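Protein chains: 2
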Amino acid sequence: MHSFDELLKIFENRLNKENFSHEPKELYAPIDYTLALGGKRIRPVLTLMACDMFGGDINDALPQAIAIELFHNFTLIHDDIMDNAPIRRGKQTVYKKWSSNIAILSGDTLFALAYQYAQIADKSILANVLSVFNRTAIEVCEGQQYDLNFETRNDVSVEEYIHMIKLKTAVLFGASLKIGAIIGGANNEDADKLYNFALNIGLGFQLKDDLLDTYGDESIFGKKTGGDIISNKKTFLYLKALELADEENNRKLTSLFNNDSYSEDEKINSVKSIFSNLKIDEITEKEIDTYFEAGIIDLNSLDLKEDVKAELYDLAFKMIHRDV
Amino acid sequence: MHSFDELLKIFENRLNKENFSHEPKELYAPIDYTLALGGKRIRPVLTLMACDMFGGDINDALPQAIAIELFHNFTLIHDDIMDNAPIRRGKQTVYKKWSSNIAILSGDTLFALAYQYAQIADKSILANVLSVFNRTAIEVCEGQQYDLNFETRNDVSVEEYIHMIKLKTAVLFGASLKIGAIIGGANNEDADKLYNFALNIGLGFQLKDDLLDTYGDESIFGKKTGGDIISNKKTFLYLKALELADEENNRKLTSLFNNDSYSEDEKINSVKSIFSNLKIDEITEKEIDTYFEAGIIDLNSLDLKEDVKAELYDLAFKMIHRDV
Chain A
8 MHSFDELLKI
18 FENRLNKENF
28 SHEPKELYAP
38 IDYTLALGGK
48 RIRPVLTLMA
58 CDMFGGDIND
68 ALPQAIAIEL
78 FHNFTLIHDD
88 IMDNAPIRRG
98 KQTVYKKWSS
108 NIAILSGDTL
118 FALAYQYAQI
128 ADKSILANVL
138 SVFNRTAIEV
148 CEGQQYDLNF
158 ETRNDVSVEE
168 YIHMIKLKTA
178 VLFGASLKIG
188 AIIGGANNED
198 ADKLYNFALN
208 IGLGFQLKDD
218 LLDTYGDESI
228 FGKKTGGDII
238 SNKKTFLYLK
248 ALELADEENN
258 RKLTSLFNND
268 SYSEDEKINS
278 VKSIFSNLKI
288 DEITEKEIDT
298 YFEAGIIDLN
308 SLDLKEDVKA
318 ELYDLAFKMI
328 HRDV
Chain B
8 MHSFDELLKI
18 FENRLNKENF
28 SHEPKELYAP
38 IDYTLALGGK
48 RIRPVLTLMA
58 CDMFGGDIND
68 ALPQAIAIEL
78 FHNFTLIHDD
88 IMDNAPIRRG
98 KQTVYKKWSS
108 NIAILSGDTL
118 FALAYQYAQI
128 ADKSILANVL
138 SVFNRTAIEV
148 CEGQQYDLNF
158 ETRNDVSVEE
168 YIHMIKLKTA
178 VLFGASLKIG
188 AIIGGANNED
198 ADKLYNFALN
208 IGLGFQLKDD
218 LLDTYGDESI
228 FGKKTGGDII
238 SNKKTFLYLK
248 ALELADEENN
258 RKLTSLFNND
268 SYSEDEKINS
278 VKSIFSNLKI
288 DEITEKEIDT
298 YFEAGIIDLN
308 SLDLKEDVKA
318 ELYDLAFKMI
328 HRDV
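In the order they appear, the protein sequences are chains A and B. If you want my numbering, it's the 1-based position in the first sequence plus 7. If you want my numbering, it's the 1-based position in the second sequence plus 7.
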């Protein structure tokens, strides 16, 4: 078994060898730029790791790992337009640096490039791999649409939120592992177990995101906390607080999120004070643990040696128990 | 051999049976809306026709025909955002009726749905079909980028223009036929001949578009002519005129296309008068004929019975010699 760091290095080496600098440069420069921004590369490493776990040759999974990473970056480019996000990974987003049109079209191209890599698989598994890839691509779009819908809705339930982040975030972790497992020679049942494992870890991962955005240690987190509160983002923390708050606090919280007259610090402090009275941080931690444990049950149920599963366990642990 | 009208009916029946109304409705309503707007459906019929020509079962080509039509509609939805186009097929464009965000995301979803259909092919040909589909998708994006680039450039050559419309328009006609031919059992050489045939017909088709926009008979064309001139579109007509004009007319034409102080009628009449003095309409007709004839040479070189090729010949003839 290769370690995460080994797989990451193998992936980065291969990605760097791929050439995305074609003509017209207006189309490909934003693709190069986005891929060079890096990111954690968790998804492609998951693909290689799953392939490795089932005794496959990780070289066979590299095209799919690239496909997954390209797809992920395509969604970021388009999401940043829709979310008016100026900064991604510490740099200007594509639509800010160039234009919306360039971001739409280079995103489309990146999506098509992703498929170009996704189809590099043995005849015997190609249809299976692509059907996971396709279904996931569609679900990720659906998740983003729900997320956009939630911006203008005041009656979003925690359950709806979990469904949204499952589609927007978790299924791509699931697909990353499942596709790697298929290439590695796993049977359908085992590939599905890994998929379900990743869904749970993915949900925990996103809830951790929500938690860190409000409760992260700024010196470690690397940016100011409270961003989600400032932008009225209906995260798990907010929705759970609404669910648990009494009528007065419910009204207060809703008003804080629908009123732009507060100063940033005032708003963050008021919201956090309601969150803290309701122990939202602890509740979220507990929820994250629940997803982590549910995931681990699926991982443990795989009939593989413990040391083969250890690397993935460690990665999941780090995804959930991170400070950044 | 089935006729165009028979194949169109078969295609429409099948498309109508497909269900694109899923949740969230904000994402799928624009897809339903776009597909219901119709259009000529030339591309999917080409796929069925090519399959038919080589003795294939057209049912096997229906998923690919749908894939091609979905892909085409995806490009329209995104192009309309980039081109600020308010009207498509007589109705509001998706971005106008809903929003840019909805148009970006429902377009992305339509692209993913296209791939879902594209992959429904026999194992033995799937990789071949998908590599045509992928390459074409990327080329169409490149074509659109060149088109956007041309808007702000004053030194576009006729040759560059032809390269742009080849990518933006002609390759998808090529892919439509080639994929149908592969499914129908054609060998690579024959599939490529059909591809080249379609490239030439596609170029002629686009030049005819340019010609009709300026010289169409408004009572048949169904809309006001001169739209390309009003919007300063660097069509074949304009670029060829710049190439052929003397210094004075060249300056005049450039000034007309870079100056918003003229009234619409004044501008159209002045530009058309320069075009007419240079016989741009005749030159364009001749160019269209040249592409048509080049295409027909490829079609004739196919070792198929004449009556098998007749339906495609007729379709190409109609694509080129249309009034609408």
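It cannot be assumed that every hint is accurate.
Claimed, not checked - Here are some of the chain A residues that sit facing chain B, going by a computed Cβ distance under 7 Å: (1) 44; (2) 45; (3) 61; (4) 111; (5) 112; (6) 115; (7) 152.
The hints are simulated quantities; they were obtained by calculation from the structure and are not laboratory data. As the structure is a computational prediction, the values presented were derived from the model and not from experiment. The C-beta atom is built at its ideal place from N, Cα and C for all residues, glycine as well.
Hint check against the structure, violated hint numbers in rising order = 1, 2, 3
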